[in-house]
Each structure stands twice: as structure tokens, then as C-alpha cells.
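Student: Start from the sequences, fold in the hints, and give me the full structure.
Top to bottom, those sequences are chains A and B.
Number 447 in this note's numbering belongs to position 447 of the first sequence; there are no gaps in the numbering.
Number 320 in this note's numbering belongs to position 320 of the second sequence; there are no gaps in the numbering.
Hints are computed from structural coordinates only; laboratory data are not their basis.
All of these numbers come straight from a predicted model, not from anything done at the bench.
Glycine included, C-beta positions come from ideal geometry on N, C-alpha and C.
Be aware that a few hints might be false.
For each label pair, taking beta carbons as the anchor points, the in silico distance ranges come out as [unchecked claim]:
1) B:Lys11 with A:Glu469: 41 to 49 Å
2) B:Ala59 with A:Pro274: 57 to 65 Å
3) B:Arg255 with A:Ala216: 26 to 34 Å
4) B:Leu322 with A:Asp4: 43 to 51 Å
Protein chains: 2
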Amino acid sequence: MTPDEFRRYGKQVIDWIADYHESIASRPVMSRAEPGDVLAALPEHPPEKGEGFDGLLAALDRDIMPGVTHWQHPSFFGYFPSNSTGPSILGDLLSSGLGVQGMMWATSPAATELETRVADWTADLLDLPAKFRGNGAIQDSASSACLVALLSALHQAGGGAPGPDGIDRRRTLYISSQTHSSLEKAARVAGVGSANVRVVDVDPVTLAMDPAHLDALLTEDAAAGAVPAMVCATVGTTSTTAVDPVPAIGEVCRRHGVWLHVDAAYAGVAAVCPEFRWVNEGLAEYASSYSTNPHKWMLTNFDCTLLWMADRAPMLNALSILPEYLRNNATTSGDVIDYRDWQIPLGRRFRALKLWSVIRWYGAEGLREHIRTGSGLADELAALIAADPRYEVRPDHPFGLVCFRPLWDGLTTDEANAATMDALNRLNASGDLLLSHTKIGGHVLLRMAIGAPSTERRHILAAWDRIREETTA
Amino acid sequence: MTPDEFRRYGKQVIDWIADYHESIASRPVMSRAEPGDVLAALPEHPPEKGEGFDGLLAALDRDIMPGVTHWQHPSFFGYFPSNSTGPSILGDLLSSGLGVQGMMWATSPAATELETRVADWTADLLDLPAKFRGNGAIQDSASSACLVALLSALHQAGGGAPGPDGIDRRRTLYISSQTHSSLEKAARVAGVGSANVRVVDVDPVTLAMDPAHLDALLTEDAAAGAVPAMVCATVGTTSTTAVDPVPAIGEVCRRHGVWLHVDAAYAGVAAVCPEFRWVNEGLAEYASSYSTNPHKWMLTNFDCTLLWMADRAPMLNALSILPEYLRNNATTSGDVIDYRDWQIPLGRRFRALKLWSVIRWYGAEGLREHIRTGSGLADELAALIAADPRYEVRPDHPFGLVCFRPLWDGLTTDEANAATMDALNRLNASGDLLLSHTKIGGHVLLRMAIGAPSTERRHILAAWDRIREETTA
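Tutor: Right, dumping it as C-alpha cells:
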């Protein structure tokens, strides 16, 4: 493709995206495709001759778009927000256009240094402790960030090598029933094994991890010869945005000499607002590592997770390998960061550009306004639900997620759960909005996560109307 | 950013990228930035108020670009090519614009089904065995693909759980000294440990893995109680594009019941050309998994590695976890693929769009032409070097990489190595071209990897002139 062709087609794509965002509210939020529909619409074999670009946008509209669920729709309330904004899209476009590999400082210094700078900017914005400055890196996802934290913690804990008595001790990871599933996956990946993932009790009401039970488990496991490697506390769980008591958990970790990772994938970015700075409690004193996702609630498109280390040495010891073909003077000098040693893959996109573009465009002020709009709408929705005796809303909704359930007067719990799931499926199938669900204490709850930049008060009110229609019929 | 602002700024960015590619040949290939230069140019703190987009491209040109090494430069010959082409950039732009999460079929069916289709298209283009059809997925990198293969193999091998005798057997991985460093990293990540990575001998001339030594190691380890989990054979090693004898290695693996992963990160895509189909030898009969990177030599920007499984069950058993908040009817039905279970992270970009766009634009014909141009130029360069008695060129250069060294008449090996490294540093510092290096049999070799779509014969000739200038002074 010549530069002139790129100019022509590129501008068509820009217009296509702008048109898409302008028209998105008129589309059904959830795709109505059945399994196999998109596959069937696509040619079975690749073209022998190039087809040019002219037909691509038409094929996209005709064959692909019917299978797309619109995550940027103002009435998309499923899972957590995954915002794709103009400045972020353009930052990512610049990254694709430059096409540099940022695996090492030497392979394109700006890719490393801009990343160091925007990680520090984000630490500034969130008022994170000083120990994290200069120690942040972009990961593709919170899953990978937690895996890197676990690998670092395992290294610190001795890596499961046989002790002086020759006994190979099993290593243990501590989570709660509310911790994200990626932690159990990380334990499997890292060879810790699901059987060595210890599940700490939660408070039945707040769903927060119980530090006393953590203490008891750590004591019990150490006595049995296990090597406790890491505790993962969560600020804003995926299911209900529950908040683990990080200071109390941190105190227990310190006493037992165990690595504390704090996973604030969704909620951590709320700390751009001073009134949300409480999410950082305990980080300065206790956290060995911390992660949060600008690609969820901070207007940056996937993938962009930030992981900070209090001390980068255990991570570098766990993950560094330097083959001859990557040796270079800058690495040898020790004066530079090579981010390949901060992650699982070797290759790296220049992802810092999109975060730079987002922070420049919105400024601290714009980012705060975005968080406040989402959490304010969530408060308003929760109040509406609480005022209706046919529903029960979880009283704790500190961020942009509201969890609630229709009480279905007269139905058993199983019947009520089935009725709620049916209503959820009808709502999503209608295309008017998209919700997801969770299950707490045996009850299915609807999850309504608010946070798209296009979501306004009217979308919340319309959603609540539709929910009531389908759950009181 | 409103859609109208996005149209305006988006078109500026498209023009910026087109201008960049038009002017790239006039830039020094390697950045001249010193450590800290880019950091110092960037504001220390994030802006309080949004700065808009107008200043961003100016700041990019002023503060960031001096720190960029130009991987798309026609005289970039370092590492391996990492091509960023128009259709790929635009496919990725569409992915950013849509901003959908493809973690499960249910979260945006088209993201899954287009990926299944383009993985099959690629298998078609490369004439891969039928067992891989429907079993391919995009990974971020070859490192991650090899880790997923290893985790699947470990699961298949029994996961290191204690056997009936209660003995916890160590699991072993087999590579050669020429295998990519990501395999040792994968062993560390997966808890196999560097100590259980067994290094198989290579032929001192071809650098290909010795199947007889592999056989001996497997026999020895099994006798010692270890559980051999995986053998990784490489087609086109990173150092010199050596090719392991996959059929002979596969025969050994079959006899020992061990998983064979074939890593063809760089060279596998050459099979778009019938004359390169020999790179697939042994895959049909022996390979449990196979990976190659369209983001290296197939005109698709990073990240885009394809991983195929002969049988997806071990991978799914190793990596699937389904928490309540991700349950959905499509997943429960078993009728769909959920690619989150084919990788380490949970979240996924809609990466299939860029591969779709690339294959449509070039067609099989265009992709073949690209491979033939690169390998043809490499042959021509190797012939030039071979004709000059002051140099030694590795006789095997089956793809686009040529490895060679100045003989430095009269110098000891150490002195010659130092002189070669000095010449390499001078060449790279000149900005005229970029080479990397490796070390084989105690000798430093220069690596010249040809494969950027903008690289023409004249760039090769100019590079050879400059190399001779710096190595015969």
C-alpha cells in the first residue's frame, strides 16, 4: 500500500469509526448472531489475488458487524467498562504506524522512556506511594500483571527449591472466593497448582477478605511445611466491587513475611479523585506490587494494565534471560530499563503512546470528571432501586457497579434465580441494553456497570425502565 | 473527543503516518538518543487540564521521535523484520475503533469467528496439515505461544503430580543451544525450572538439533524418574535460521510419548511459497503444536502470532476456569470457542481484523512475492559476501537472514570479535543501516535480516558497501 493509498483508505477508516460511534446508540447492544453465522458469511479460503481495500469496509459492515457486540454503546453495562476513546485510538494508531519493537531500551529508546514517564504520571494522578515511581510498566492485562507478581513472589520465597533438609516444599497462594479467576489461573500456570491455592474466608455481608482467617491459614500452612508465596488482596472485586481490608491484610503479610499483591484492576484508577484516594490505603506500608487497568475505567483502549513493583529485583531475577543476539551496550551498562524482563512475552508494542495521548487529552481534571460521572450515576441508580420494594440492591456500590436482584415475591430461591436469568437473557436479547450477572449467597444478582464516556443519565433511566418491565411482568 | 474532532485529528494522524513512511529513508535508522534523553524532554508531571490534541503531533516530533529507532526503515536489518504495513495498520485501527473484548464468543461473536476463519486461511496459505484446521488462535507473541504449548504438554504429561509411589517427579523440557530464550523463560514461568531444561547437542556445522542425542537424553531422564514433558524443535532459529530435523525429532518424540512443539516463529510463514513448503516437514506426522508469526515476515504488525494445536483438549484442561460472572449460554452449549482458554490473559483485542485485512490486501500471490523478494535479496547478498575472500558467510541462509563475519586477517579470535563489534557499533551509530549480531563457535557474526517491504536491491548494495568500508579500514 503506497503512502497515498494509505492516506485515502486511512481517512475512510477514520470516517468509518466516527460514523460508527455516531450511530452506535441506534444499534442493538448485543449481537444477535448465532454460533457459526459469521463463519458462514466469510469465504472459506483466502484470496489468491489481493482484493485491495475498497471492498473491506463493505465486507466489514455486511459480514462482521452483525456479529459484533457493542462495548462502546452507551447502554453497555456488562462486565466492566472497556473504554475506547478518540485520543486512545489515535495513540494506538501512532503505535501501529511507527511499528517499533520496545522489547529493550536499545531497540527503540523512546518506547521505554515514554512508558516510564507515563507510568509515573499515572502514579502521580493516583497519588501512589513513592516506592512505585520508576517501577511501573504496562502489561497487556491484569491477568498477566498478577502472574508477573506471583512469579516475582515465588522467586522471593525461594522458588520451591528443596530446603536444607532436601524436602521440596509446596508453595501456596492466598486469595478469597471473590478474587479474580486469573489468580487461580496464574497459580496453575506457575506450577503452584490449584491445590495450593488457599481460599481465605470473606465477611458474608461485605465479601471482604477476613484477615484473621488469612493469619490462621498462613500459620497452619507454614507449620505443615508449605512456603506461603503470595497473598492477593483485591480493591474492587469483579463480582461486586468488594474491597479487601488492605492495611489489616498487609499487617498479617508483614508478620508472616509474605508478598502482598494488590489487584485493583477496575477500581484503582478511581484514585484520580481525592475522594477516592482511600482505595490506596495500605499500599505505601504493605504492598509489594500493585496493578490497575487504565483500559477499564480510564478511557484507554485495551490492552493497558499498569503494574508497579516496590522492588523490581525479584521480578528481574525471575524473568531475565539475555541471549547473545539481544546483548547490547545499553543493557550491559545497567543505565536503562529493558521492559522485556518485566513481562512474560519478549516482544512489546509501543503502548505508552495511547496512555500518553489519553492523559494529555483529558488532563487530571477530565479523568476525575469521568470517574465522578460514572460513580454518581451508579449512586443514583442504586437509590432508585433501593426505593422500590420489589428489588434488593447491594448497599455497597463504591464505584460504578450496581448489583441487585428482583425479589420475585413468592418464588423459591431456585425459581427466583431462574426468573432473573430469564429476564437477563430477554433484556440482552432485546438489544436495548446489556447487563451481566453474578451469584452471591446463592442468589443470582444483576450487574450493571456504568462507565462508558457516552453513557448519560437518560441511558440509566431507560435501562431501569426496561429492567422493571422485564422483572415485574 | 467528539466524532467530528476524531475525524479531524484522525486524518492528521493518518497523514502523519503517511509522511513518516514517505520520509523514513532519510532518517538515521538507529536512534541517537542517550539514556535519559527522552525522559528529560517529557514533562515530569501529568497536565492538570487537558491539552487537546493539537500539540500532540508536535510533541511527538520534538520529544519522542529522536528516541525512535525506525524498524520500518528500508535499511533496518536487525533482529528479524517486524513489518507494519498499510492494510495491517488499518485493520488494527478498526480493532481499536470497535473496542470490543473478544475474551469469549459471547462477548462479541465476530471477534472469535473471524479469528477462527483467518487462522484457517493462514493454515491454507501455508498448506498446514488438516489436524490444525479449526484449532488455531492468535497469541501476542511466540514466547506466549511456546508457554501455552508447554503448559498443555505439562498437563498431558501429568502435571508433575506425585505418581502412585508418592514421588513428585520433576518434569523436563528439551531444547538446543539454538532454541529461542523464550523456551527457557517458559520453563521458569511454568515452574519446570531452568535446571530441568535439557540442552540437546547440535550439529556443529548446521546447528541443527541432534535427534540421537535427544533420544539418549530422553532415555536417561526417564530412567532417572523424570517426566519428559515437551521437546521444542525450531524451524529457523533466531541466531542463524538453523533448521532442526523435525521428522527425525518427531520420530524420537513419538517413541518416547513426548509432546513435540515446533517453533517456526520467523520462518514458518515462508511456506506461503510452494518452494518453501519443506519447512512443514514432519508437522503432519509428529507435531502436537506449531507456531509462526505473521508479525515477523508476513506484513502484519505486532502482535500477531499464530498457534495451532493438533488436539485442543490438553490446552483447555490446563487453562480453562469459568467463574460465575463469565457463565453464558453459548459457553455452556459447547458450540462455540472461547479463546480466553487458549491463552494466559483473560482479555483479548480483536486482532483477527489486521490479519484479515493483510490477507485480503495482498492475497496469496502478494504474500508469496514478499517472501521471494526477501529471500532472493538474501541469496544475492550472500553471494556477494562469499565472493569476497576477506569475509566468511554461513553457507546456509535459507530465508531472509545472512550471517557473516569479516576474517580480520592477522587478528586473534578475541581481537577479531572486538573489531567486528566495534564495526557493528560504528555502522549502527552512522544511522545508515542497522545490523545485529550473534556468536557461533566463538566467533561474533553479523546478522543481516532482510524482509521489510520497503527494502530494495539498492538498499542491500548500499549496506554491503558501508559494511565493507567499516570492516576493511
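Student: Starting from the hint list further up, note which numbers the structure goes against and sort them upward.
Tutor: 2, 3
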